[in-house]
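A.B. asks: Spelled out, the chains give:
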Amino acid sequence: MYRDMLLIRRFEEAAARLYAQGKFGGFCHLYIGQEAVGTGVIYALQEKDYIISTYRDHGHALVRGLDPRALMAELLGKRTGIVKGKGGSMHFFDVHKNFLGGHGIVGGHVALASGVGWAIKYKKLDAVVVAFFGEGAANIGAFHEGLNLAALWKLPVVFVCENNHYSMGTPIYRALSVPDVSIRAVAYNMERDKFDGDDVLYVYKRILPYIEKARRGEGPSLIEISTYRFRGHSMSDPAKYRTPEEVETWKRRDPISRAQKMLEYNGVDEKEFARIEAEVRNIVEDAIRFSEESPEPAPYELYTDVYVE
Amino acid sequence: MPKITYREAVRRAMIEEMERDPNVFLMGEEVGHYQGAYKCSQGMLEKFGEMRVVDTPISEQGFAGVGIGAAMLGLRPIIEFMTWNFSLVAFDQIYNNAAKILYMSGGQIPIPIVFRGPGGAGGMLAAQHSQSLEALYVHCPGLKVVAPATAYDAYGLLKSSIRDNNPVIFIEGEVLYNTSWEVPDEEFLIPIGKADVKREGKDFTIITWNRGFWFTMEALDRILKEGYDPLILDLRSLRPMDEQAIIEATLKTGRVLIIEEGWPRASVGSYVSDFIQRNCFYDLHAPILRVSQEDVPMPYARNLERLSLPNPDKIMQAVKTLMSF
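These protein sequence lines map, in sequence, to chains H and L. 1 is the number of the first residue of the first sequence in our numbering; add one for each residue after it. 310 is the number of the first residue of the second sequence in our numbering; add one for each residue after it.
Quick caveat, the hints were computed from the structure, so don't treat them as lab data. Note that the structure is predicted; figures quoted are calculated from it, not measured. Any given hint could turn out to be false.
[Unchecked claim] Calculated pairs, DMTMM-like style, for lysine to aspartate or glutamate (alpha carbon to alpha carbon, straight line, at most 20 Å):
1. Lys154/H - Glu359/L
2. Lys97/H - Asp126/H
3. Lys123/H - Asp364/L
4. Lys124/H - Glu359/L
5. Lys23/H - Glu292/H
6. Lys507/L - Asp538/L
7. Lys507/L - Glu552/L
8. Lys205/H - Asp193/H
9. Lys356/L - Glu339/L
10. Lys629/L - Asp530/L
11. Lys123/H - Asp330/L
12. Lys261/H - Glu277/H
13. Lys123/H - Glu359/L
14. Lys312/L - Glu496/L
15. Lys154/H - Asp364/L
16. Lys507/L - Glu557/L
17. Lys623/L - Asp530/L
18. Lys629/L - Glu535/L
19. Lys124/H - Asp330/L
20. Lys511/L - Asp592/L
21. Lys48/H - Glu218/H
22. Lys534/L - Asp622/L
23. Lys312/L - Asp505/L
24. Lys121/H - Asp364/L
25. Lys503/L - Glu309/H
26. Lys312/L - Glu495/L
27. Lys561/L - Asp592/L
28. Lys121/H - Glu359/L
29. Lys97/H - Asp67/H
30. Lys623/L - Glu527/L
31. Lys123/H - Glu328/L
32. Lys213/H - Asp126/H
33. Lys121/H - Glu47/H
34. Lys205/H - Glu191/H
35. Lys205/H - Asp254/H
36. Lys121/H - Asp330/L
[Stated by the list, open to error] Listed next, with one range per pair, are the computed distances between beta-carbon atoms:
37. Glu527/L - Ala298/H: 50 to 56 Å
38. Glu47/H - Gln437/L: 44 to 50 Å
39. Ile324/L - Arg3/H: 51 to 57 Å
40. Glu495/L - Ala298/H: 41 to 47 Å
By construction, the Cβ of each residue, glycine as well, lies at the ideal position given by its N, Cα and C atoms.
Using the sequences and the accompanying hints, generate a full structural model.
C.D. replies: As structure tokens, this is what we get:
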């Protein structure tokens, strides 16, 4: 878990550098600060389970085990990218890992998650689907419709709200009439929970029962996990709407430092941390090298994948 | 050959495809216990059960999304919109998800789904319930759009649509459900993208689809009485479109009239017109003319509704203009 969180952190720091150097464009929403949420939740899943994500999908993809080379190449818009340079930062997909995409319309994919849950039930698969979304998505119609249908039909979906307290630049108190997202589950007769997301083990332990409940066919849950992004909404956002004090307060709860402290307490020594750091840096550097050496998509690819035969 | 109604053709196609493939299911408002708002799914709940004929609450965005999510895992949903007017609240799901997931996923995840239901103007249903929205869907790459005029075409094309691995927008004619047409008892498919010459002729070509074909039929007697011999080309599929058939029909007559139920601006007819002038410019004897719905929301009053839609008077006037060149 620690290694995966560190991989997300280093991968995204590198992405931010490459972005600043103009190596790629588009929107690039970093997950830095939120690593414990995705990591804790995804570790509670099995390989046969499904994940559906938002435009802030780098972290989820890396923990799920999508190839860092293919992810970095996707950011750089290369042919070797995870979706052949057709999706970019917001649209990582890997059907072999049951990773059903990063989606760019806030909350639109929440309805898709219920559909994945429907298919699991229809096909009688022993699986669940986790849908990640931010607290901003809790205001959109697809969120409410998706939750209602999932509850109505007892679908195996765990709705995970990563509440990072800002919908782009708008803080919760200016956007949500009821600031508690999880309480909306009550309206749909759905199990709910709400907890902090800076301790990865704690996230893992708290989410597991809801995943197992869904797996047993006992219906969906809405779980709100409090977290914070250390950077702006995207690379084009300097996040001036937040005070330095606020950001500092949250940075003191850095999930990676926290995990490191816990590991130190349990006897993991400096040499081991150095080894993990080196391993992660190697992966990221290799991914960058691979991406930069990779060719751009062939021009004919413009017209492929619009339809299948 | 036996005649069946358009409604029966739709139902027969769905039942046969659901019997053939257990991954096919029907979902929508009132499709089950109520037997279908337009009775297209009558008897199907009893036959297939509640997992395959699924009643939904009024949440088009939600159940359109559920259909797309289910298709991501390889199911083949038929999503019924009670009318296409209500598809507008599910527009994001259709445009941003159904149409684009294949492309955004680099070809990894096809979305084999059919969205179907009645479109067009009903009898005095007014502005929010009388719209022909096919142009919106033809506009978007990643979608296929089918709009059959007859029971024969509805049957063969719906079966092809359900078997297609892409999202298909299948627009039925709300006022066509009771129209009958000869449909053979044995199974057949009509490929998506093939137009049909409904009447051979030499003086001018009428290009149309869905209810536009029936507007044409209403005017046909008068056209023939005036001594004209029109070729009637029913496009049936609007995306992909049978470009070869359009060119051939245009070259045969040199004159084209497009009849559509939808609004005139940025419409399917305007695209067809553009296509023809780019490909057949030197073979045209007259400008391409169009008869469409007037450029207004649909009024309620019976006389105004009739004035708003294509009708034999408007069609005759266009024919005379077309033949005056």
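A.B. asks: Now tell me, hint by hint, if it's right for this structure.
C.D. replies: Now the hints, each set against the structure:
Among the hinted pairs, Lys154/H with Glu359/L is consistent with the structure: their alpha-carbon atoms are about 14 Å apart, no more than 20 Å. Of the supplied pair hints, the one linking Lys97/H and Asp126/H holds, its CA atoms being roughly 16 Å apart against a limit of 20 Å. For the proposed pair Lys123/H and Asp364/L, the alpha carbon gap of about 18 Å is at most 20 Å, so the pair holds. Proposed proximity of Lys124/H and Glu359/L is supported: the alpha carbons are some 15 Å apart, at most 20 Å.
A C-alpha spacing of about 9 Å is found between Lys23/H and Glu292/H, which places the hinted pair at or below 20 Å, so the restraint holds. The straight-line distance between the Cα atoms of Lys507/L and Asp538/L is roughly 13 Å, inside the 20 Å bound, and the hint therefore holds. Between the alpha carbons of Lys507/L and Glu552/L the distance comes to roughly 16 Å, so the proposed pair stays at or under 20 Å and holds. Among the hinted pairs, Lys205/H with Asp193/H is consistent with the structure: their alpha-carbon atoms are about 12 Å apart, no more than 20 Å.
Distance restraint check for Lys356/L and Glu339/L: the Cα-Cα separation of roughly 16 Å lies within the 20 Å cut-off, and the hinted pair is therefore satisfied. Between Lys629/L and Asp530/L, the direct Cα distance comes to roughly 15 Å. Compliance with the 20 Å bound is thereby established for this hinted pair. Restraint check for Lys123/H and Asp330/L: the C-alpha separation of about 13 Å stays at or below 20 Å, so the hint holds. Between Lys261/H and Glu277/H the alpha-carbon distance is near 15 Å, which keeps this suggested pair within the 20 Å criterion.
With a C-alpha separation of about 14 Å, the suggested pair Lys123/H and Glu359/L falls inside the 20 Å cut-off, and the hint holds. A C-alpha spacing of about 15 Å is found between Lys312/L and Glu496/L, which places the hinted pair at or below 20 Å, so the restraint holds. About 15 Å separates the Cα atoms of Lys154/H and Asp364/L, which keeps this hinted pair within 20 Å; it holds. The suggested pairing of Lys507/L with Glu557/L holds, with an alpha-carbon distance near 14 Å, which does not exceed 20 Å.
Annotation: proposed proximity of Lys623/L to Asp530/L holds, straight-line Cα distance about 14 Å (limit 20 Å). A threshold of 20 Å between alpha carbons decides the hint, and for Lys629/L with Glu535/L the separation of about 9 Å falls inside it, so the pair holds. Taken as a hint, the Lys124/H and Asp330/L pair is honoured in the structure, with Cα atoms around 16 Å apart against an allowance of 20 Å. With a C-alpha separation of about 14 Å, the suggested pair Lys511/L and Asp592/L falls inside the 20 Å cut-off, and the hint holds.
Between Lys48/H and Glu218/H the CA atoms are separated by roughly 18 Å; this keeps the pair inside 20 Å, and the hint holds. Note on Lys534/L and Asp622/L: the hinted pairing holds, with a Cα-Cα distance of about 14 Å set against a maximum of 20 Å. Restraint check for Lys312/L and Asp505/L: the C-alpha separation of about 19 Å stays at or below 20 Å, so the hint holds. For the given pair, Lys121/H sits about 16 Å from Asp364/L by alpha-carbon distance, which is consistent with the 20 Å threshold.
At most 20 Å may separate the alpha-carbon atoms for a hinted pair to count; Lys503/L and Glu309/H meet this at roughly 16 Å. With a C-alpha separation of about 13 Å, the suggested pairing of Lys312/L with Glu495/L holds against the 20 Å cut-off. The suggested pairing of Lys561/L with Asp592/L holds, with an alpha-carbon distance near 9 Å, which does not exceed 20 Å. Taken as a hint, the Lys121/H and Glu359/L pair is honoured in the structure, with Cα atoms around 13 Å apart against an allowance of 20 Å.
Restraint check for Lys97/H and Asp67/H: the C-alpha separation of about 10 Å stays at or below 20 Å, so the hint holds. Between Lys623/L and Glu527/L the alpha-carbon distance is near 11 Å, which keeps this suggested pair within the 20 Å criterion. Of the pairs offered as hints, the one joining Lys123/H and Glu328/L holds, with about 16 Å between alpha carbons and a cut-off of 20 Å not exceeded. This hinted pair checks out: Lys213/H and Asp126/H have alpha carbons roughly 12 Å apart, not beyond 20 Å.
A threshold of 20 Å between alpha carbons decides the hint, and for Lys121/H with Glu47/H the separation of about 17 Å falls inside it, so the pair holds. As the CA atoms of Lys205/H and Glu191/H are separated by approximately 16 Å, the hinted pair is consistent with the 20 Å bound. A C-alpha spacing of about 19 Å is found between Lys205/H and Asp254/H, which places the hinted pair at or below 20 Å, so the restraint holds. Distance check on the hinted pair: Lys121/H and Asp330/L sit about 17 Å apart at the alpha-carbon level, within 20 Å; holds.
At about 51 Å, the CB distance of Glu527/L to Ala298/H agrees with the hint of 50 to 56 Å. Taking the beta carbon of each, Glu47/H and Gln437/L are about 48 Å apart, inside 44 to 50 Å as hinted. One distance hint, 51 to 57 Å for the beta-carbon pair Ile324/L and Arg3/H, holds here, with the actual separation near 54 Å. The hinted window of 41 to 47 Å between Glu495/L and Ala298/H holds, with their beta carbons roughly 45 Å apart.
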